[in-house]
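Residue numbering for the sequence shown follows the working numbering, starting at 522 and increasing by one per position.
Just so you know, not all the hints are guaranteed correct.
Heads up, simulated SDA-like pairs for lysine to any residue below, C-alpha to C-alpha not over 20 Å straight-line [stated by the list, open to error]: (1) 650 - 551; (2) 650 - 634; (3) 658 - 594; (4) 658 - 567; (5) 669 - 563; (6) 669 - 593; (7) 650 - 598; (8) 669 - 598.
Hints listed in this document are in silico derivations from the structure and should not be mistaken for laboratory results.
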Amino acid sequence: MQLPDRRTVVVCIGNELIADDAAGYEVYQRLAPCPARLEYLGVGGIDLLALLDGESDLVVVDAVQLGAPPGTLHVLPWRDIPASGTGVSAHDVGVREAIEIGRILYPERMPDRVTLVGIEGRCFNMTRKFMTAEVTKAIDGAVATVRKLVQGGAHGQGG
């Protein structure tokens, strides 16, 4: 059960039309209903900031490329989320950069804790029908992980 003084927003990111990038979209579809506020972004980046409204916890779900085998589920606390130039996002501004910009522009709206639930992808340049089998299999695990985080599971330390 979530502590009453904590509010969580879950933001799932991913282009629903592109192979492994659709992983975030699939997690979004399977999370409803969700005890946290649930949002979807087709493309991440700076648009993430418009979805934050002073929640204490942010869980971001996205396909990542961190060098692990496809389908690997990464649960990264703020301190371990790499900059976008290292493969967290194929978007212009990654999760880390967006939150850092938000802390300057809108400090009252930024979450205390940020956790990235990343599904390691391999195919980001083909249509949706080419989603990697390992990524497809990892989606249910990502959904379960997000539910655990929302229900007060082990979040990453503050950010």
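Verification of the hints:
Between the alpha carbons of residue 650 and residue 551 the distance comes to roughly 18 Å, so the proposed pair stays at or under 20 Å and holds. Of the pairs offered as hints, the one joining residue 650 and residue 634 is violated, with about 35 Å between alpha carbons and a cut-off of 20 Å exceeded. For the hint linking residue 658 to residue 594, the alpha-carbon distance of about 11 Å falls within 20 Å, and the restraint holds. For the given pair, residue 658 sits about 29 Å from residue 567 by alpha-carbon distance, which is inconsistent with the 20 Å threshold.
Our distance criterion of 20 Å between C-alpha atoms is broken by residue 669 and residue 563, whose separation comes to about 24 Å. Of the supplied pair hints, the one linking residue 669 and residue 593 holds, its CA atoms being roughly 18 Å apart against a limit of 20 Å. For the given pair, residue 650 sits about 31 Å from residue 598 by alpha-carbon distance, which is inconsistent with the 20 Å threshold. A C-alpha spacing of about 14 Å is found between residue 669 and residue 598, which places the hinted pair at or below 20 Å, so the restraint holds.
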